[in-house]
Structure formats: structure tokens, C-alpha cells
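Novice: Sequence positions in the sequence shown follow the numbering used here and run 197 to 375.
Ranges between beta-carbon positions, derived for each pair:
1) 347 / 227: 32 to 38 Å
2) 240 / 198: 24 to 30 Å
3) 235 / 373: 27 to 33 Å
For the record, the hints were derived by calculation from the structure and aren't laboratory data. Virtual Cβ for every residue (Gly too), placed ideally from N, Cα, C.
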Amino acid sequence: MSVPFTCSVFIGVSLDGFIAREDGDLEWLVSRGEAAGDDLGYDAFIAGIDAVVTGRGTYEAGLSFETWPHEGRHCAVLSTTLEEGADPRVTVYRDLDSCLKGLTERGVKGVYVDGGQVIRTFLREGLIDRMTITTVPVLIGSGLPLFGPVGGDVPLVHVSTRTFGAGVVQSTYAIERRK
197 MSVPFTCSVF IGVSLDGFIA REDGDLEWLV SRGEAAGDDL GYDAFIAGID
247 AVVTGRGTYE AGLSFETWPH EGRHCAVLST TLEEGADPRV TVYRDLDSCL
297 KGLTERGVKG VYVDGGQVIR TFLREGLIDR MTITTVPVLI GSGLPLFGPV
347 GGDVPLVHVS TRTFGAGVVQ STYAIERRK
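Let the hints inform the model, and build the full structure from the sequences given.
Specialist: Encoded structure:
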């Protein structure tokens with residue numbers, strides 16, 4: 197599948213590969229991210245993004261923040277259950293094809309793909325160009341995994357690895373296109 201924009205992931209995980217506890221709690225991630233003493237490159241990353249695609253769970257987690265995390269960017273939510281029009285800050289899409297069509301029609305250039313299920317969907321379709329994964333030194337034992345079935349091998353090219361305070365390690369990979 198080909199699209200006229202780039203799709204990137206910027207996400208934090210526990211050392212055992214979880215992006216949130218089973219109840220969606222992120223305190224284990226947020227507290228360690230703050231202890232790392234830097235914005236971990238997020239500001240530079242988001243400066244090149246004009247649209248965000250999330251799933252319902254990630255969208256709802258964003259509602260708990262003091263300020264809307266996607267201000268100034270088009271926010272697309274992939275969901276079969278979220279009511280369309282319930283939040284004027286987002287556009288709800290029922291499936292990936294309609295989402296991609298909507299992003300293309302908007303002239304989007306850079307997409308931030310967020311949330312485990314949505315990331316896996318984009319990986320399966322060969323749509324992710326780059327992934328930045330920030331690993332915090334904690335094992336939480338169970339939770340919502342970043343990865344799962346992605347439809348086959350996804351070859352990665354290592355771009356860089358950075359270390360931050362509190363033992364936080366961040367690696368960036370380009371995705372090699374499947375042939």
C-alpha cells in the first residue's frame with residue numbers, strides 16, 4: 197500500500213515490551229520519563245508532524261491530560277465504537293482505508309501513528325517509515341503490548357540509539373520496505 201505521506205512511531209515501552217498497564221495506567225512510564233531529565237526528542241519529532249492517528253483507547257487516554265496533546269494537528273481516531281462527531285477536535289474513521297483517504301485528501305505530509313493496535317495495523321500494511329522506541333528500565337510483568345502479530349517479518353535498519361538519565365534508552369529504526 198502506498199500513501200503520499202510518511203508515517204512515524206514515537207512511543208515509550210517497559211523493558212518487557214508493554215506500552216501501558218492492562219488498565220491503561222502510564223504512571224510507570226511518565227515518572228521515569230520525567231526522571232530522564234529531557235523531552236527525549238519528542239519536541240523535535242512532533243515539529244515535523246501535521247496529523248496524528250490513534251485508536252480509541254489512546255484517544256481516551258489523551259483526554260485525561262491537562263491540555264489536549266494534539267493541539268494544532270489533525271487527529272484521526274480509528275474506531276468502530278467511538279461516536280462520530282462526539283469531539284470536534286477529532287475525525288473518527290471506521291476503517292484504515294477511509295482514514296488513509298481522508299489524510300490524503302487533507303494533504304497531510306507527516307503522520308504520528310500512536311497506540312499499540314493502530315501501530316500494528318500500520319505495520320501489517322507496510323505503512324510505517326520510522327519508529328522511535330524509548331525503553332524505560334522497568335519490568336511491569338503484564339499490560340498492553342507494543343507488538344504482536346504484524347503479518348510477517350518487518351526488517352528494520354538501525355538509525356541511532358541515545359541514552360538518557362534514569363537508564364532510559366531510545367532507539368530509532370527505519371523500516372525496510374517489504375518486496
